[in-house]
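Once you have looked at the hints, place chains B, C and D on chain A.
Below, each chain spelled out in residue letters.
There are 4 protein chains.
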Amino acid sequence: MDRKIRVAVIGASGRMGREVVKTVLTESDMELVAGISRSSGPIDLGKMVGLEECGVKMSNDLELALTESKPDVVVDFTGPQTAFSHTSLAIRLGIRPVMGTTGFTPQDIAELDKQCQDKGIGGIIAPNFSIGAILMMRFAAQASKYFPHLEIIEYHGDQKLDAPSGTSVKTAELISEVREEMRQGNPKEEETIEGSRGGYYNGFRIHSVRLPGIFAQQEVIMAEQGQALKIRHDSYDRAAYMPGVAIAVRKVMTYSGMIYGFEHFID
Amino acid sequence: MDRKIRVAVIGASGRMGREVVKTVLTESDMELVAGISRSSGPIDLGKMVGLEECGVKMSNDLELALTESKPDVVVDFTGPQTAFSHTSLAIRLGIRPVMGTTGFTPQDIAELDKQCQDKGIGGIIAPNFSIGAILMMRFAAQASKYFPHLEIIEYHGDQKLDAPSGTSVKTAELISEVREEMRQGNPKEEETIEGSRGGYYNGFRIHSVRLPGIFAQQEVIMAEQGQALKIRHDSYDRAAYMPGVAIAVRKVMTYSGMIYGFEHFID
Amino acid sequence: MDRKIRVAVIGASGRMGREVVKTVLTESDMELVAGISRSSGPIDLGKMVGLEECGVKMSNDLELALTESKPDVVVDFTGPQTAFSHTSLAIRLGIRPVMGTTGFTPQDIAELDKQCQDKGIGGIIAPNFSIGAILMMRFAAQASKYFPHLEIIEYHGDQKLDAPSGTSVKTAELISEVREEMRQGNPKEEETIEGSRGGYYNGFRIHSVRLPGIFAQQEVIMAEQGQALKIRHDSYDRAAYMPGVAIAVRKVMTYSGMIYGFEHFID
Amino acid sequence: MDRKIRVAVIGASGRMGREVVKTVLTESDMELVAGISRSSGPIDLGKMVGLEECGVKMSNDLELALTESKPDVVVDFTGPQTAFSHTSLAIRLGIRPVMGTTGFTPQDIAELDKQCQDKGIGGIIAPNFSIGAILMMRFAAQASKYFPHLEIIEYHGDQKLDAPSGTSVKTAELISEVREEMRQGNPKEEETIEGSRGGYYNGFRIHSVRLPGIFAQQEVIMAEQGQALKIRHDSYDRAAYMPGVAIAVRKVMTYSGMIYGFEHFID
Numbered sequence: 064m065d066r067k068i069r070v071a072v073i074g075a076s077g078r079m080g081r082e083v084v085k086t087v088l089t090e091s092d093m094e095l096v097a098g099i100s101r102s103s104g105p106i107d108l109g110k111m112v113g114l115e116e117c118g119v120k121m122s123n124d125l126e127l128a129l130t131e132s133k134p135d136v137v138v139d140f141t142g143p144q145t146a147f148s149h150t151s152l153a154i155r156l157g158i159r160p161v162m163g164t165t166g167f168t169p170q171d172i173a174e175l176d177k178q179c180q181d182k183g184i185g186g187i188i189a190p191n192f193s194i195g196a197i198l199m200m201r202f203a204a205q206a207s208k209y210f211p212h213l214e215i216i217e218y219h220g221d222q223k224l225d226a227p228s229g230t231s232v233k234t235a236e237l238i239s240e241v242r243e244e245m246r247q248g249n250p251k252e253e254e255t256i257e258g259s260r261g262g263y264y265n266g267f268r269i270h271s272v273r274l275p276g277i278f279a280q281q282e283v284i285m286a287e288q289g290q291a292l293k294i295r296h297d298s299y300d301r302a303a304y305m306p307g308v309a310i311a312v313r314k315v316m317t318y319s320g321m322i323y324g325f326e327h328f329i330d
Numbered sequence: 064m065d066r067k068i069r070v071a072v073i074g075a076s077g078r079m080g081r082e083v084v085k086t087v088l089t090e091s092d093m094e095l096v097a098g099i100s101r102s103s104g105p106i107d108l109g110k111m112v113g114l115e116e117c118g119v120k121m122s123n124d125l126e127l128a129l130t131e132s133k134p135d136v137v138v139d140f141t142g143p144q145t146a147f148s149h150t151s152l153a154i155r156l157g158i159r160p161v162m163g164t165t166g167f168t169p170q171d172i173a174e175l176d177k178q179c180q181d182k183g184i185g186g187i188i189a190p191n192f193s194i195g196a197i198l199m200m201r202f203a204a205q206a207s208k209y210f211p212h213l214e215i216i217e218y219h220g221d222q223k224l225d226a227p228s229g230t231s232v233k234t235a236e237l238i239s240e241v242r243e244e245m246r247q248g249n250p251k252e253e254e255t256i257e258g259s260r261g262g263y264y265n266g267f268r269i270h271s272v273r274l275p276g277i278f279a280q281q282e283v284i285m286a287e288q289g290q291a292l293k294i295r296h297d298s299y300d301r302a303a304y305m306p307g308v309a310i311a312v313r314k315v316m317t318y319s320g321m322i323y324g325f326e327h328f329i330d
Numbered sequence: 064m065d066r067k068i069r070v071a072v073i074g075a076s077g078r079m080g081r082e083v084v085k086t087v088l089t090e091s092d093m094e095l096v097a098g099i100s101r102s103s104g105p106i107d108l109g110k111m112v113g114l115e116e117c118g119v120k121m122s123n124d125l126e127l128a129l130t131e132s133k134p135d136v137v138v139d140f141t142g143p144q145t146a147f148s149h150t151s152l153a154i155r156l157g158i159r160p161v162m163g164t165t166g167f168t169p170q171d172i173a174e175l176d177k178q179c180q181d182k183g184i185g186g187i188i189a190p191n192f193s194i195g196a197i198l199m200m201r202f203a204a205q206a207s208k209y210f211p212h213l214e215i216i217e218y219h220g221d222q223k224l225d226a227p228s229g230t231s232v233k234t235a236e237l238i239s240e241v242r243e244e245m246r247q248g249n250p251k252e253e254e255t256i257e258g259s260r261g262g263y264y265n266g267f268r269i270h271s272v273r274l275p276g277i278f279a280q281q282e283v284i285m286a287e288q289g290q291a292l293k294i295r296h297d298s299y300d301r302a303a304y305m306p307g308v309a310i311a312v313r314k315v316m317t318y319s320g321m322i323y324g325f326e327h328f329i330d
Numbered sequence: 064m065d066r067k068i069r070v071a072v073i074g075a076s077g078r079m080g081r082e083v084v085k086t087v088l089t090e091s092d093m094e095l096v097a098g099i100s101r102s103s104g105p106i107d108l109g110k111m112v113g114l115e116e117c118g119v120k121m122s123n124d125l126e127l128a129l130t131e132s133k134p135d136v137v138v139d140f141t142g143p144q145t146a147f148s149h150t151s152l153a154i155r156l157g158i159r160p161v162m163g164t165t166g167f168t169p170q171d172i173a174e175l176d177k178q179c180q181d182k183g184i185g186g187i188i189a190p191n192f193s194i195g196a197i198l199m200m201r202f203a204a205q206a207s208k209y210f211p212h213l214e215i216i217e218y219h220g221d222q223k224l225d226a227p228s229g230t231s232v233k234t235a236e237l238i239s240e241v242r243e244e245m246r247q248g249n250p251k252e253e254e255t256i257e258g259s260r261g262g263y264y265n266g267f268r269i270h271s272v273r274l275p276g277i278f279a280q281q282e283v284i285m286a287e288q289g290q291a292l293k294i295r296h297d298s299y300d301r302a303a304y305m306p307g308v309a310i311a312v313r314k315v316m317t318y319s320g321m322i323y324g325f326e327h328f329i330d
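Chains as they are written, first to last, in our numbering: chain A, 64 to 330; chain B, 64 to 330; chain C, 64 to 330; chain D, 64 to 330.
Chain A with its partners taken away, still in its complex shape (with noise of 0.2 Å):
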């Protein structure tokens, strides 16, 4: 590759942002053009990260940085409620999206995508950058059309508010999309302590475990007689995002057009 990639990050100083700042100094094919912030002071964005100092200030006035900063791509995890206008604006000063956010409805893509062609530059919406979920989510999902016995455990910390998962359902859905339909277990099983089997999902069961200083843990495990395939995929930190962030910022650089699910980018 010639020259770098000139990146911004919006939302630099919270916990995904910093992260994507430290990817972003350390890929060497890339460059920090601007960091933006609503609530921090003009602090070194290298040193925020608790790397060298690297010229780079935080800003606060999103349009201003992205003007003056002249970035190929803008990296953005801040959140639903502003997603569609921080990509609208992007597209339209023709900085490539990648958005980590949920809360774009079919409509809201469809119109960014015509967007994105007509200025001739890529972008990428996923609510996940997670290669490795997405890889156990595929291989379950094939191995299910063999494994049609399966169950899937997954593990998140004590505090969280619902269950399952929604990458357990996702991953669920995908399996159906494969599987047989069939209902697996004894016909006349009982539960003397109601809900030991799980939650019930289209002939198989989900488990929710949840525990302190567990980030965010899953496993499928298909069983037949004499041997069982387990597809797992554990997540310690938010650090685990950022490979896929990085192959999102190249991607978006080859194509014209918006993309969504990061799982078109991993083949």
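No lab work stands behind these hints, which were simulated from the structure alone. One thing to keep in mind: the hints can contain errors.
The list makes no distinction among identical chains, and a pair is therefore deemed to hold if it is satisfied within one copy or across any two copies.
Here are the computed lysine-lysine pairs in the DSS-like style, where the Cα-Cα straight-line distance is at most 27 Å [what the hints assert, rightly or not]: (1) Lys208 <-> Lys314; (2) Lys223 <-> Lys208; (3) Lys208 <-> Lys67; (4) Lys208 <-> Lys85; (5) Lys233 <-> Lys208; (6) Lys110 <-> Lys85; (7) Lys233 <-> Lys314; (8) Lys208 <-> Lys110; (9) Lys251 <-> Lys223; (10) Lys110 <-> Lys120.
Frame of chain A; chains B, C and D shown alone:
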């Protein structure tokens, strides 16, 4: 040990009985002197289990077989219906009973204890001879003093009728004697699929996985900020109970009275 | 399927042979028409494997048994010495061979392929019929594109002679075709106990665990900052190969020629 | 407890020091009275660790800070060079030392014990404050009486220099005190890739896995015919040591003398 321990096996043609026969034939300090089964002909017990001929043929008259073969110890996994009468008969003949069955009342045990004491011989009644399962339960209970946040996941074959398993409930009881009482998880937690959080027991959760090809497995996961302690026991088949049976056969030679629970032999 | 597939089993009294007999007797689209064994008397094959009498008695003359019973497919796990002659005989008689043995040279396979083509029948030779093992290897290789940092841990019984296992080396080869070449770990790493870092293969490590009671297990652990992806296959006994054998019996009915490697049947 | 335990933290700006500061600020029976660091300015200790302002500012004069703040207990993870002098200074000032460093000779410990006894205060020196690691080692050693066939697999980050880890060797030593001596595996076993069977220790094997993103994990796998017992401890980050540090801070208030090894506090 000067002379071998003479062992008879009741229900020798059953699935557990065959394993016991194999064990007695291969332990160097034991001698198989009789095998009793109502349904088998007079086949050689060694050949029946796929070993060399041992010269001992299956009997179908229990009292005659015990009287003639003069065993030191009798091992019986046949089941609750005949458990009391078999035990009582053995003691009357001065033979130490190793009973792998449930179905004894506290009164039964007290009476059999008195019979053993009168005869000056030892005996044991135990629903579970698995050393590994006993250690797993004990370690989990000990650790719960320091790791009160925990969940139990147990795995059995998909045709098992009841959930959770007896071993997991026993584990939960032993933990509850030690663990500080507390309700784990977020008080506002919500299940979007009912049962996904598992069965509730005294503040923590039990999850029962049922899949083909699994004999019996259990994991107790205990976690705090920054760490997890996992204690897991996997049984692949009935052979898992045999080291415990061998210990019991040797131990009953050394005391008077009836002991209930194999955990008393494991220090 | 209009009529059942007629299946003969060579080496029917062996450990794998018995499993195949059981499988053929229980799959509803197959019919057991012959079992051949040099060492057994004319016992009923159903009874031999602990099922009901099936009316087919063991033969000890291979050619006679095949000629009289007119099977569509013959399954043979007997071993390399007779593998070529059995395969060749089967093809000559117009019977599709499903061979679970090693020991064929590329020339052998080419010749058998021609024989199959000439007869217009299908055949398969495969050292491993385990669907789970094939999926594990395939998924590990695919994931290694994104997770080049990985190690393999394989577990077998403590009497196994060679380490690492054939499956782990095959996995390592498949991974190496995809994974970016790189030497993992700290270049200044030192072993204070020799061998603790495992066997070196093409930049990564293979660890061989040998313990009693384990049939065959393997885990490929792949990790990046903040996450790990684990793909594990556990085989508990020979039953693990049977779903693959059943697939093979059905597939050989559908093409002409000799296929090498069961992975070609798994998409 | 009537009044809070007053705690000072030496090396408060280091990675372990910050965790200790956080712990002291959040435990309800402790009060942070001083933090000492040579390299930091007079920042508020609460703010430094991302909590609310606590009103205690960082000092850089150790003796002055301890004299003025009059702590009951001092916690120090700074390292072997200053370990002895810091401990000695604390005792002289009547402050109970909780030392998380190595580098003390048996003579050092004997002398510091005498100093503690003379002052009538308690102290502890421990290379490892992880409760989970201590329980894992203890359970593995206890179980090895019944499960002498075992292997240890330990996992650390890929930049770790030495293999196997200190914890795995300590585990192996504790096991060897209990386990019947025996060389596991097939005597004719052969490695086709050198080192694949792991490091040899007293009849059993230790395997060291090194992968990015792993902090510290260890599993002891113990197996017999038909069963396996697995004891595993996973540490995700330095927070794993804090429950042990909190226990130590409370315990040193209750005795006189210097204790070596945190395992003495875990029953």
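Outcome of the hint check:
In this assembly of identical chains, the alpha carbons of lysine 208 and lysine 314 lie at most 27 Å apart only when taken from different copies (16 Å versus 31 Å within one copy). Taking the closest pair of Cα atoms, lysine 223 and lysine 208 come within 27 Å of each other only across two copies (24 Å); inside a single copy the shortest separation is 32 Å, beyond that limit. Taking the shortest alpha-carbon separations for lysine 208 and lysine 67, only the inter-copy value of 23 Å comes in at or below 27 Å, while the best intra-copy value is 44 Å. In this assembly of identical chains, the alpha carbons of lysine 208 and lysine 85 lie at most 27 Å apart only when taken from different copies (23 Å versus 41 Å within one copy).
Both within a single protomer and between protomers do lysine 233 and lysine 208 lie at most 27 Å apart by alpha-carbon distance, with minima of 17 Å and 23 Å respectively. Both within a single protomer and between protomers do lysine 110 and lysine 85 lie at most 27 Å apart by alpha-carbon distance, with minima of 10 Å and 22 Å respectively. For the identical chains of this complex, lysine 233 and lysine 314 are intra-copy neighbours only, at 24 Å inside a copy versus 33 Å across copies, given an alpha-carbon limit of 27 Å. For the homomeric pair lysine 208 and lysine 110, neither the shortest alpha-carbon distance inside one copy (50 Å) nor that between copies (33 Å) is at most 27 Å.
Proximity of lysine 251 to lysine 223 under the C-alpha cut-off of 27 Å is restricted to the inter-copy arrangement: shortest distance 9 Å between copies versus 33 Å within a copy. Taking CA atoms no more than 27 Å apart as the test, lysine 110 paired with lysine 120 passes in both settings, with 10 Å inside one copy and 21 Å between copies.
The structure is inconsistent with hint 8 alone, although it conforms to all the rest.
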